[in-house]
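Undergrad: Could you fit the two chains together into a complex? Lean on the hints.
Here's the letter readout for the chains.
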Amino acid sequence: MPPTLDEVELLIGKMKTAAAPLRDVLRELHARYAPVDEGRVADYIPELAKADRRWFGIAIATPDGQVFEVGDSKQLFTIQSISKPFVYGLALEDCGLEHVLSKVGVEPSGEAFNAIVLDEASNRPFNPMVNAGAIATADLVKGKDYPERVARLLELFRKYCGRDVYIDNSVFMSERLTGHRNRAIGHLMRNFGMVGEKLDETLEIYFQQCSVLVNCRDLALMGATLANGGVQPLTGIRAIPQPYVKHLLSIMLSCGMYDYAGEWAYRVGIPSKSGVGGGIVGVIPGQFGIGVFSPPLDAKGNSVRGVLACRELSERFGLHCFESGFTGTTMRDLLTPVRG
Amino acid sequence: MTKTVAVPKIISTHSFRGGTGKSNTTANLAVLVARAGWRVGIIDTDIQSPGIHVLFRLQESEFRHSLNDYLWGKCRIEQAAIDVTMRAIGDVHEDSERPRLFLIPSSLKTGEIARVLREGYDVGLLNDGLHDLLKRLQLDFLFIDTHPGVNEETLLSIAVSDLLVLIVRPDQQDFQGTAVAVELARKLKVPEMFIVINKVPQGMDADALRAQVGKMFETEVAAVLPLSTEMVRTASGDIFCNRYPDHPLATALQTVADRIARL
Chain A
191 MPPTLDEVEL
201 LIGKMKTAAA
211 PLRDVLRELH
221 ARYAPVDEGR
231 VADYIPELAK
241 ADRRWFGIAI
251 ATPDGQVFEV
261 GDSKQLFTIQ
271 SISKPFVYGL
281 ALEDCGLEHV
291 LSKVGVEPSG
301 EAFNAIVLDE
311 ASNRPFNPMV
321 NAGAIATADL
331 VKGKDYPERV
341 ARLLELFRKY
351 CGRDVYIDNS
361 VFMSERLTGH
371 RNRAIGHLMR
381 NFGMVGEKLD
391 ETLEIYFQQC
401 SVLVNCRDLA
411 LMGATLANGG
421 VQPLTGIRAI
431 PQPYVKHLLS
441 IMLSCGMYDY
451 AGEWAYRVGI
461 PSKSGVGGGI
471 VGVIPGQFGI
481 GVFSPPLDAK
491 GNSVRGVLAC
501 RELSERFGLH
511 CFESGFTGTT
521 MRDLLTPVRG
Chain B
126 MTKTVAVPKI
136 ISTHSFRGGT
146 GKSNTTANLA
156 VLVARAGWRV
166 GIIDTDIQSP
176 GIHVLFRLQE
186 SEFRHSLNDY
196 LWGKCRIEQA
206 AIDVTMRAIG
216 DVHEDSERPR
226 LFLIPSSLKT
236 GEIARVLREG
246 YDVGLLNDGL
256 HDLLKRLQLD
266 FLFIDTHPGV
276 NEETLLSIAV
286 SDLLVLIVRP
296 DQQDFQGTAV
306 AVELARKLKV
316 PEMFIVINKV
326 PQGMDADALR
336 AQVGKMFETE
346 VAAVLPLSTE
356 MVRTASGDIF
366 CNRYPDHPLA
376 TALQTVADRI
386 ARL
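Protein chains in written order, with this note's numbering: chain A, 191 to 530; chain B, 126 to 388.
Extracted from the complex, chain B is given alone in its bound form (with noise of 0.2 Å):
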């Protein structure tokens, strides 16, 4: 397959507290958007707890160069990129460009993360490194899982993000904390936004809930994803869309990639 989007999209995934399934939704998109016929990638800016890697059967003893390194002068960005092509959307051959999925991980070395926190890093320079994936792995898309609440790297992420993926859960504590990623969304002048309502309990009205968080965020929401027993079974060890293709929540998240993959 040849075909080019003509400028490459950055799509930021988000949200306010921790465990409402971000990573794992991020990396459904991503495998879903490749599997469309284009060059993905994923990067960690998690670093203070990454974890996407796992969803790919990563182990550590595969990262040749994480983030970190690239923070530090030690690489350039792209040599910390995997090509994780084969194992999360298979039968491609070796040498097409295209599907293609790459993913560039955070450090999970305890003395690397915490050397972030304690000496922080140049966001512009995360910035180049972006730009310099775009380019150099000529991605269509780049997909940025981010730390949950506040901190440079995701607003750096939402200024530089062509779409922005708010993702929720029914619970006022996620409502509340929604309200000032969306505000400061706004202030970064963010082109797209919408919001991915994930987790919601068999028996919620979908589409009470759908108005109801649209009208409260005044932000579109995109899709209502359902808690699903099959989702908690496999445990993060697996991309869900590959093992239960014909699952609710599959299609749910394909119409997302869909609209992703049409910006």
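Isolated chain A, as found in the complex (with noise of 0.2 Å):
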């Protein structure tokens, strides 16, 4: 059967996409920083422990599905604080604004991610980036019982990745095993009715949440989902109603790198999330989604590797959101092929 225009169209952009010269790049960012040898690889657990500390993947996706992977990037890791905003955004569709606003706040907080702390006034988390608004949000997801909430869950990010995705069964039980700071948290709310009766199973929501496996490359299609107004450029499929795009990224642009998420929005201005796990998302709207990963953090407990390249790609590249005027080269004119 001779292929179809759409075949010839995929074959011709896999071609165009391995002839960019933003692969140079990536592969020029991935040498500068892969010697970097600082921070230290999350420990609270004993499997995130297991990670290799000279792990570094960057990837960069379209809209328009190309995709562009240099280093480790398809090493799995367990995707933690990154499910965050996604969930937020399934919690979003589900329950409207509204409601969402009234379980949980979108104010940065200043505390750090796992305060046992409410807004003294509204009894509200600060915001769904921090673990308390994280497990409020993961109790508004709708689900007739907890193993259909799941598959929902995993549904989820199935059509943010555009493949199956598995949870790390060793990395969920320890969560759940060592994970009393957050049960703390969720007796907190339950005590003021910011969570339902079904805490436990909302816990067990958010540490399936967290143990989510990921590689760099599918942060990349996370991200450029949402740059592509919440269609995954790949399968076309909707991940989430395009609204609903606007506020994910404004939570991740405020409060979304830990205690580093106002200096963040001040030099890189890209709206991303991170995770202990050594992940970081960021979001272009309209243009790229950034998947970087590199287990060792820094004391913010951002990945060192992971900042150093975003930023790099922020200034070179005028990436940050309120950039105007940028006349060096841009990302995008570095998507077509150069000859010789």
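In short, the hints are calculated from the structure, not lab data. The beta-carbon is built from N, C-alpha and C at its ideal position, and this holds for glycine as well. Please note that a few of the clues may not be correct.
[What the hints assert, rightly or not] Residues of chain B placed beyond 12 Å of chain A at every Cβ, according to the derived structure:
1) P224
2) G249
3) A284
4) A336
5) P351
6) L352
7) E355
8) R358
9) H372
[Said to hold, decoys possible] Simulated restraints on C-beta separations:
10) B:L250 x A:D196: 38 to 48 Å
11) A:R244 x B:L250: 15 to 25 Å
12) B:M341 x A:F512: 25 to 35 Å
13) A:V198 x B:D296: 18 to 28 Å
14) A:T526 x B:Q297: 35 to 45 Å
15) B:Q297 x A:Q432: 46 to 56 Å
TA: Structure representation (structure tokens):
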């Protein structure tokens, strides 16, 4: 059977990606930061400590489905806190903006991500990126029973990644065995009626969502889905209603990088979310999704190499969301193959 | 000689079907361009049926590494390059930078050919390799000898080329296939493309053929090369232009080489 026009276009697209100068830029970036041997691999559960500190991958995806990858871009790791904005999107879809806002605020907290503290006036967690907010968010995920709620969670990540996703069971078991602090946060919120009576189930869901296995390429595609108004670039399947995308991105910009969020917004200006597994997802609306992965973390809990790579990308290509009048070469310029 | 081109150029030679004389033409053009005083590389991306090394009388035992090794991460691409300046051009001082001719062969080992076919490879890595070659061997021109037909390495070669040379015989099957190659090349936005009609039998009207083929593909025909008994007798055992420098075929190839050198 002769290939259809679509197949020809896909093949042509693949070749353009392989020949685009952006590949060279990513290789150069990777080579520059791979030798940086700072930071500590998370070890609060033994499974995370097993990560190789040399792992380093960078991936960039475009809304039209080009994917650029260098380094350990296929290495799987647990998504951890990067799951938070995406599940928040599901909560918005399930319950609507006003209801979700009544349960979880959108203010940067200035407290540690695992602080046992709620807004005194409203009893709400400060935002969905701190653990308290993420647990309250997970509580809003609908489903007739626990298996259905977990299935919907996995379906969500499947839509964003464009492939089947799985949960790392040993990480999940460790998270739930050692999750005393998260249980305490949950019970405090239960006390104030901010989460429902299915708190135990919700905590399980929260531990499950943190244990979803992804790679750097997945992160780039998740980012590109948000950059593409909520439609996954490779499958064309909608992962989140378009109107909610901007709300996710706002929270990622103001609260996505733990206690570094303010300086991140100032210096880098890319709506992003990091996780203790070493991943960072970044979104350039309308243009790119960025995924970076490297396990060693700085004192704020963000991937050392990941922060360096994102900072350079932002400065070099004018990716800060408040950038205007940028005159340098843009990342878009680097998508077209150069000759010789 | 110290001349350099501002931006190194990549030239792909391609034919839709086998037996068009593609490798022979590529090797001769590369030698002629190098002879004009340039640093030239030839990479054999015909992983499934490598062969261009034969024209340089290279034995497998002389390969240190191959393109396959590079694609599997066993070596840097330039480590697979063999300097064939002496045997292809001769009379060049060992230390002189130009002219220089390098060949990057594909593996001749059955197992390694099979492995590439079975496992495939990252086509992006091939692109990185081409650019590394330009940089690290400081090449002025890189010729890519592709596998006939359409496959990933062929398409990538076209995507990165400054010039695509399509080799066709005066044959209906070749013509049909060339239409496909021309369409893909246009989609890949290759900046320059021309056709070389090869193995044209004596008595065929070269000008009429040139006009017919040019019109058929809306692409310039740069040369019409005669079918030569001397070429057949060489049996791919040598570089034709070296052995028969005054032959009409060599003269015609020289005009194509001159054009490439002016890119």
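Undergrad: Look at each hint and say if it fits the structure.
TA: Against the structure, the hints come out as follows:
No beta-carbon of chain A comes within 12 Å of the beta-carbon of B:P224; the shortest separation is about 19 Å. Chain A draws B:G249 into its interface by the beta-carbon criterion, the shortest separation being 4 Å against a cut-off of 12 Å. The claim that B:A284 lies off the interface is violated: its Cβ sits roughly 4 Å from the closest Cβ of chain A, which falls inside the 12 Å cut-off. With a least beta-carbon separation of about 29 Å from chain A, B:A336 lies farther than 12 Å from that chain, consistent with its non-interface assignment.
In this structure B:P351 is separated from chain A by more than 12 Å, as the shortest Cβ-Cβ distance comes to about 32 Å. Remark: the non-interface label on B:L352 is consistent with the geometry, its nearest Cβ contact in chain A lying 32 Å away (cut-off 12 Å). Separation of B:E355 from chain A is adequate, the least Cβ-Cβ distance of about 34 Å exceeding the 12 Å criterion. At the 12 Å boundary, the C-beta of B:R358 stays outside the reach of chain A, the nearest C-beta of that chain being 37 Å off.
Once the 12 Å rule is applied to beta carbons, B:H372 is consistent with being away from chain A; the minimum gap is 31 Å. Between B:L250 and A:D196, the C-beta spacing of about 26 Å breaks the proposed range 38 to 48 Å. Taking the beta carbon of each, A:R244 and B:L250 are about 20 Å apart, inside 15 to 25 Å as hinted. The hinted range of 25 to 35 Å is not satisfied by B:M341 and A:F512, whose Cβ atoms lie roughly 55 Å apart.
Taking 18 to 28 Å as the suggested C-beta distance range, the pair A:V198 and B:D296 conforms, at roughly 25 Å. Between A:T526 and B:Q297 the C-beta distance comes to about 36 Å, which sits within the given range of 35 to 45 Å. Checking the proposed 46 to 56 Å range against B:Q297 and A:Q432 shows it holds: the Cβ atoms sit about 53 Å from each other.
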